[in-house]
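> Let the hints inform the model, and build the full structure from the sequences given.
Residue numbers (the UniProt record's numbering), protein chains in the order written: chain A, 1 to 273; chain B, 1 to 328.
Any given hint could turn out to be false.
Said to hold, decoys possible - Cut-off 27 Å, straight-line C-alpha distance, at most; resulting in silico cross-link-like pairs (DSSO-like, lysine-lysine):
id, chain 1, residue 1, chain 2, residue 2
1, B, K109, A, K89
2, A, K205, A, K189
3, A, K126, A, K152
4, A, K89, B, K34
5, A, K152, A, K189
6, A, K89, A, K189
7, A, K152, A, K175
8, A, K126, B, K109
9, A, K164, A, K126
10, A, K126, A, K25
11, A, K175, A, K164
12, B, K34, A, K164
13, B, K34, A, K175
14, A, K16, A, K35
15, A, K89, A, K25
16, A, K141, A, K164
17, A, K16, A, K189
18, A, K126, B, K143
It is worth saying that the hints were derived from the structure and are not from the lab.
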Amino acid sequence: MNAMNSEGYTTADGRKIGGVMMEMKNITLRFGGVKAITDISFDIREGEIRAIIGPNGAGKSSMLNVISGFYVPQEGEVWFHGQRRAPMKPYEVAQQGIARTFQNIALFEGMSVLDNIMTGRLTLMKTGLFQQAMWWGRAQKEETAHREKVEKVIDFLEIQDIRKTPVGRLPYGLKKRVELARALAAEPKLLLLDEPMAGMNVEEKEDMCRFILDVNDEFGTTIALIEHDMGVVMDLSDRVVVMDYGKKIGDGTPDEVRNNQDVINAYLGVAHD
Amino acid sequence: MPEQLLYAMEVSLNGLMAGIMYALVALGFVLIFKASGIFNYAQGVLALFAALTLVGLQQGQVPFAHVINAIFGTDLHHFGWQLPGLVAIALTALVMVGLAILIERLILKHLVNQAPIILFMATIGLAYFLEGLGDVMWGADIKKLDVGLPQGISEMIDTFTFNLFGYGFFIDRLDIVAAVVATALVAALTAFSQYTKYGRALRAVADDHQAALSVGISLRFVWVLVWSIAGFVALVAGIMWGSKSGVQFSLSLIALKALPVLMLGGFTSIPGAIVGGLIIGMGEKLFEFFAGPMIGGATENWFAYVLALVFLVFRPQGLFGERIIERV
Ligand SMILES: Nc1ncnc2c1ncn2[C@@H]1O[C@H](COP(=O)(O)OP(=O)(O)O)[C@@H](O)[C@H]1O
Ligand SMILES: [Mg+2]
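This is how it looks when you write it as structure tokens:
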């Protein structure tokens with residue numbers, strides 16, 4: 001990796017990483033007496049795959065929830081595209097081009113796979129309520145155009161044969177994939193994935209890894225992901241933030257992080273002092 | 001055909017027509033319940049309020065005339081215009097949207113994440129408030145509603161059935177219109193919910209709030225939307241009922257019949273609300289016809305509840321409701 005500067009850097013495999021897209025500054029988040037996040041700062045750059053790792057309960061999901069507006073931190077600032085972001089509702093964050101998946105999968109169980117993925121495009125549909133009622137034809141034309149985009153996502157993630165299936169009937173691994181499809185359908189600038197591979201078998205994990213790399217490569221989507229499995233993280237990510245007990249204990253390339261003594265201690269379960 | 005059977009057929013038909021009214025009110029309940037988990041006690045009063053507003057606007061009544069006159073010693077009552085039925089209906093629909101926005105701003109917004117019982121209590125409060133507001137705005141007298149819907153017995157059906165069976169069915173033309181309008185309304189709602197982005201947003205919110213937020217849906221917007229639709233459905237119910245029996249307080253009581261309909265059809269099922277409404281409407285008329293004379297009549301007051309209770313024992317989730325199996 002070349003020296004990092006405000007212009008970005010080039011990865012070992014030759015991908016160009018741009019300037020800072022999102023910057024978290026001194027974030028602190030408390031739930032009553034519990035400090036889920038303590039004074040953490042880090043940034044996410046255009047085009048990069050950024051991982052957040054750490055043991056259970058470290059505050060990784062909480063951090064993702066802060067980025068996506070589900071949690072509001074008591075202290076700290078969130079900067080997006082060089083501007084300080086005012087506190088936002090999750091739906092407003094989504095409208096800014098930030099899509100996400102959840103650790104415990106949040107899909108519309110009663111709707112078909114296709115309908116689920118179509119909801120991902122809601123922020124991109126422009127026809128207003130009144131227009132929709134008055135000009136049914138025009139609204140249907142828009143619907144068709146979006147449907148075509150959704151079919152591309154479906155092909156991309158190889159879920160053609162389940163497109164009409166109600167999501168509630170799908171096995172866990174496929175649900176995870178549909179959730180990714182819904183997020184991708186929004187054509188996000190920033191994609192947040194909370195343990196996209198948790199609970200999957202080896203084959204499913206390999207597929208998911210491939211999809212994540214392809215999304216980043218083909219669409220240039222910036223990705224921040226949480227993952228438990230160190231091996232997977234090392235393969236996927238350009239830079240890694242390591243959290244433990246709500247604090248940041250490491251930040252750098254996979255190699256840097258792997259050789260960081262604090263990180264090794266956290267992962268080996270060395271007693272905290 | 002035997003006379004008795006023909007009577008029964010006529011009675012069932014009339015019952016079906018009454019059932020449409022129940023179904024319409026139950027439909028309003030289901031829409032709001034699905035989207036927000038709120039059991040909206042005020043749905044019946046919404047229908048009353050819509051009908052009162054419709055009459056008031058159509059007749060050019062001055063709203064709050066009593067209050068204004070009492071304070072300023074004036075003698076206002078009418079503006080002196082008479083609006084065409086369709087114009088008055090469109091204006092009333094706008095008022096219902098305005099009401100939905102107010103309900104969201106003043107009540108729902110402040111009760112996000114509260115327990116369902118609290119929201120339920122809030123709608124009880126809303127019901128009494130709207131009832132009073134309707135009175136103060138438009139006066140408490142019984143009003144005649146005429147938006148130009150056909151009235152009276154359908155001679156065509158009378159003659160047709162007379163030629164066929166030698167016995168003419170008496171079916172109110174208004175009931176036929178109600179059936180057609182209700183069918184069209186349900187078809188339109190279905191198309192809206194299945195094929196438009198707003199419908200999809202609505203279904204998404206009904207399914208999972210968290211997931212809906214993550215795809216950029218504003219819950220507050222959806223609540224306004226769903227209360228507007230419920231208000232519109234209430235308006236349709238108010239028009240049908242009001243044209244038939246006049247606009248008066250008892251209109252809000254059809255909501256009480258919607259409860260057994262919901263037990264039958266399931267609280268979250270739109271087809272359930274329709275089928276449940278028809279079954280109750282037809283069931284109570286038939287029961288009154290066959291069993292009423294034997295047990296002293298007036299069975300229509302309680303039959304729906306007993307039917308619903310019996311039904312609850314055997315199928316607690318309703319006809320179309322999803323069975324909830326507790327995860328252990
Ligand atoms: N909504 C919440 N309410 C209360 N405590 C929470 C909530 N979300 C997370 N926490 C707490 O914050 C800490 C970090 O949790 P989390 O962010 O889920 O960790 P991770 O994703 O790294 O496993 C835990 O102690 C957890 O109990
Ligand atoms: Mg987590």
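> Starting from A:K175, check that the Cα of A:K164 is at most 27 Å away, please.
Holds, at roughly 13 Å.
> What's the verdict on B:K34 and A:K175, does the C-alpha distance respect the 27 Å limit or exceed it?
holds (23 Å)
> Do the alpha carbons of A:K152 and A:K175 lie within 27 Å of each other, as the hint requires?
holds (18 Å)
> Between A:K205 and A:K189, does the CA-CA distance stay at or below 27 Å?
Cα-Cα ~24 Å, so holds.
> Do the alpha carbons of A:K126 and B:K109 lie within 27 Å of each other, as the hint requires?
Cα-Cα ~26 Å, so holds.
> Given the hint that A:K126 pairs with B:K143, does the C-alpha gap stay at or below 27 Å?
violated (44 Å)
> Would the pair A:K89 and B:K34 pass a check requiring their Cα atoms to be no farther apart than 27 Å?
Between A:K89 and B:K34 the Cα gap is close to 22 Å, so the pair holds against 27 Å.
> Under the criterion that the straight-line Cα-Cα distance not exceed 27 Å, is the pair A:K89, A:K189 satisfied?
Satisfied, since the Cα-Cα distance of roughly 18 Å is no more than 27 Å.
> Verify the proposed pairing of A:K126 with A:K152, using a straight-line Cα cut of 27 Å.
holds (20 Å)
> Need the status of pair B:K109, A:K89: alpha-carbon distance at most 27 Å?
holds (14 Å)
> What's the verdict on A:K89 and A:K25, does the C-alpha distance respect the 27 Å limit or exceed it?
holds (19 Å)
> Tell me if the straight-line CA distance from A:K16 to A:K35 falls inside 27 Å.
violated (36 Å)
Hints 10, 14, 18 from the earlier list are contradicted by this structure; the remaining hints agree with it.
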